[in-house]
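> Listed here are the chains, written in short residue letters.
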Amino acid sequence: DTAVSQTPKYLVTQMGNDKSIKCEQNLGHDTMYWYKQDSKKFLKIMFSYNNKELIINETVPNRFSPKSPDKAHLNLHINSLELGDSAVYFCASSQVDRASYEQYFGPGTRLTVT
Amino acid sequence: AQSVTQLGSHVSVSEGALVLLRCNYSSSVPPYLFWYVQYPNQGLQLLLKYTTGATLVKGINGFEAEFKKSETSFHLTKPSAHMSDAAEYFCAVGRSGGYQKVTFGTGTKLQVIP
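Residue numbers (my numbering), protein chains in the order written: chain A, 1 to 114; chain B, 1001 to 1114.
One or more of the hints may lead you astray.
Said to hold, decoys possible - Below, a list of computed lysine-lysine pairs in the DSS-like style, where the Cα atoms sit at most 27 Å apart:
hint, chain 1, residue 1, chain 2, residue 2
1, B, K1101, A, K67
2, A, K67, A, K41
3, A, K67, A, K44
4, A, K22, B, K1069
As the list claims (entries may be wrong) - Computed far set for chain A versus chain B, every beta-carbon distance over 12 Å:
hint, residue
5, A3
6, P8
7, E58
8, V60
9, D85
10, R110
Hint data in this document are derived by calculation from the structure and do not stem from the laboratory. A virtual CB, placed ideally from N, CA and C, is assigned to each residue, including glycine.
All chains, full assembly: derive it from the sequences and hints.
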């Protein structure tokens, strides 16, 4: 069983379009994250939700809007896509009240904007 | 504030040789430290973590790391490299309590030469 899944795995689109990426975790975790990994492999947190509440919102353009319909799902909608949005987007989850503190990552969504 | 510095974006070792990947951190509170591995076209997977207690921690695939507070370091080692160890390795720092904002280093790509 996949712990953290993302769809789609690949996304190719043109500048100006709007697209969404979906994430689901079946680990029973209460916290979910979106990360962006650029071409140099630098991993930067974008957003985090705890029990559907936004708790981390880094300096990200307003074109990016996360939504968490429930604890197990965290989606990312991107408006007016730009070339610089091309990257791999990772979803992750963790359980805040556990001492382990590790995050479990999805397989990533490779977004290419042309 | 917290940050991570990984020395060496690329490390090459011969198969069977010692693997040493360097990580130094900065944290205003006692840190939680992690090493993650990323194989090509995959998400990140936890190798090992330090939270409290024993400063030498063992992880999967024969890797281990030692937390040295005086040196603010958390270097990753493996006595004998295997071809399958070739991957990108990320050091990360977090903190106890509250929501787990984890800061990742820029990654070290490990190449294993046969």
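> All the hints need checking, so say for each whether the structure fits it.
Structure-based check of each hint:
For the suggested pair K1101(B) and K67(A), the alpha carbons sit about 19 Å apart, so the restraint of at most 27 Å is met. A hinted pair counts as satisfied when its Cα atoms are at most 27 Å apart, and K67(A) with K41(A) qualifies at roughly 25 Å. Between K67(A) and K44(A) the alpha-carbon distance is near 19 Å, which keeps this suggested pair within the 27 Å criterion. Between K22(A) and K1069(B) the CA atoms are separated by roughly 40 Å; this puts the pair beyond 27 Å, and the hint is violated.
Here A3(A) does not stay apart from chain B, with its beta-carbon only about 10 Å from theirs, under the 12 Å limit. Listed as a non-interface residue, P8(A) keeps its Cβ farther than 12 Å from every Cβ of chain B; the least gap is roughly 14 Å. Annotated as non-interface, E58(A) brings its C-beta within 12 Å of a C-beta of chain B; the closest such distance is 9 Å. In this structure V60(A) is separated from chain B by more than 12 Å, as the shortest Cβ-Cβ distance comes to about 14 Å.
Its beta-carbon lying about 19 Å from the closest one in chain B, D85(A) satisfies the requirement of being farther than 12 Å from that chain. Consistency note on R110(A): stated as away from chain B, yet its beta-carbon is not over 12 Å from all of that chain's, at 8 Å minimum.
Comparing the model with each earlier hint shows violations of hints 4, 5, 7 and 10; every other hint is respected.
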